[in-house]
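**Q** With chain A held as given, fit chain B onto it using these hints.
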Amino acid sequence: MDQPDVTEDIHILLVDDENDFRQILAKRLKRRGIEVREADRGEKALQMLEEKPVDVVIMDVKMPGMDGIECLKQIKGKYDLMEVIMLTGHADIHGGVEGIKSGAFDYLSKPIELEHLVRKIKQAFHKIQRILAEKKEAAFKEQITQQMVVAERLVALGTMASGVAHEINNPLAVIQDSAGWLQQILEKPEMQHMPRKNDFNKGLERINKAVERAGKITQQLLQAVKTQTTEMADPSTFVEASLKKLSEEAITLVEPEAALKNISITLEMQEPCPAAWTDPLQLLQVLLNLLSNSIQATEEGGQIIVSLSASLEEAKIIVKDTGSGISKENISRIFEPFFTTKEADQGTGMGLYVSWGIITGLGGLISVESEVNQGTTFTITLPVKK
Amino acid sequence: MFKTTSKIMLVDDEKDFVEMLSLRLKENEENVIAAYNGQECLDALEKTQVDVIILDVKMPGMDGIETLKQIKKRHPLVEVIMLTGHGTIQSAVEGMKLGAFDFLLKPADFKALTEKLNKAKERRKEQMERIQKAEAAILLRQSKI
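Order-wise, the sequence lines are chains A and B.
Mapping to the working numbering: the first sequence position 50 is 50, numbers consecutive.
Mapping to the working numbering: the second sequence position 45 is 45, numbers consecutive.
Chain A with its partners taken away, still in its complex shape (with noise of 0.2 Å):
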């Protein structure tokens, strides 16, 4: 492994009862870059972890009170990724074997060398970077493995409730031609002095509008499912474009919207203008959604931040709102089709699944995170022009 040689960024505790050998090899330790604090027993040294905990301990085995040993079984077991090195005196082998046994990272034996010592510390050092890296690494894996289980049930339900729609969709042609054609028959002239002619009108008006409202979410879910599917949508209707203008685009549609209830929305970006390889109108719509959804969730006053970043590899837009935030067992529900808080006449439950499907469609990923009462943030990224 790769092992920089630099002292500066790591923290030590000695602890040592023998104060001139102690306060000498701090000095000489400090010289050498390296962060160091005394404590002169390991119940001191317990407490001063718990302060501010270190990287690395550096503790003699045999010292008044609490011995060495108990002290590292102690930290051990409160610390799991601090690295303990144990000093022993002159020919205590035992000492240093029992510490290794408790779980010290290895043992020096007095008189030390600083070199030794200084090569020790670094191992350590390097020993809780990796365990470091290898967690983040795991915890990642983790996270892709968890988007690819919502994706894969996603999609699943998509190519279940297309199905339906693509059913639905015949009968509701046949529901909304009777309802057309009955109200054709009623402008007929011979018709103008039929009995209750109204209620026959507005019965028809209802039915239309449902119909109507019916049809729209099978469309809904027909181009959601759509977008997902078709590999990468329509790669002709990718262009590079200005995400600053896209988010300025969709700011000033719900900026009305967003007035009534006193929210402000203002974006923030990168320079330079960030731009994403995509499909403009379709980004649009999310975006769109994504505003929507935040006002609605946000309260007299709140705020909406929008902002834009880009690397070589991705273009981020995020959406921060102030508003009311999502509960932890609806958060994993929220890109469900369907799946809706909001009242009946309010939502269908659709356009976060949509989003999603258009993301997914553009070969991007898009995730939520959120707080009740503190606020929600959605992160898309995006593909940019390689």
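Treat the hints as calculated values from the structure; they're not laboratory data.
The structure displayed is predicted, hence computed values, not measured ones.
Built from N, CA and C at the ideal position, the CB exists for glycine as well.
No more than 25 Å apart at the CA atoms, straight line, and that leaves these computed lysine to any residue pairs for SDA-like:
hint, chain 1, residue 1, chain 2, residue 2
1, B, K119, A, Q184
2, B, K58, A, L157
3, B, K58, A, M160
4, A, K216, B, D102
5, B, K119, A, E187
6, A, K188, B, S6
7, A, K188, B, K7
8, B, K111, A, P171
9, B, K15, A, E167
10, A, K216, B, V93
11, B, K111, A, E212
12, A, K197, B, L23
13, B, K15, A, E212
14, A, K209, B, A112
15, B, K26, A, Q183
16, B, K111, A, I207
17, B, K58, A, V164
18, B, K26, A, E187
19, A, K122, A, S109
20, B, K111, A, N170
21, A, K216, B, L105
22, A, K216, B, A108
23, B, K15, A, I207
24, B, K7, A, S178
25, B, K26, A, N170
26, A, K216, A, G163
27, B, K111, A, N198
28, A, K216, B, I89
29, B, K26, A, E212
30, A, K188, B, L113
Selected chain B positions facing chain A (in silico; Cβ < 8 Å):
hint, residue
31, F17
32, L23
33, R24
34, G85
35, K106
36, F110
**A** Quick look at chain B alone, frame taken from chain A:
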């Protein structure tokens, strides 16, 4: 409203749908006949002259695209409006490339349908008139010789 005496054929395997749409079009004084699959459509075309066909893309057996190809091969002047579901919009584009006049998404708005229907009828009428004129010109020239 002035109506041309065009004949319209509806082709869809959904019988209720064909029936209701026929009733609506007839209510608007249109002359409508129905076919419930591609083959029926082609057979009927051999017997009757039809001006505009409203053709569903998704049908069991011979699908809308195949039916369209056959129609255009045998009766190139018949105008065809494709009816497609949201998921089959790609085939609408294909249909247009194969010579369909236009397409409509299902469930189609009746107003949009009648507008497109009228335009298709108009084009068919103009085309027929041009052919008649050309034929008349040929006859005229022949009679002069």
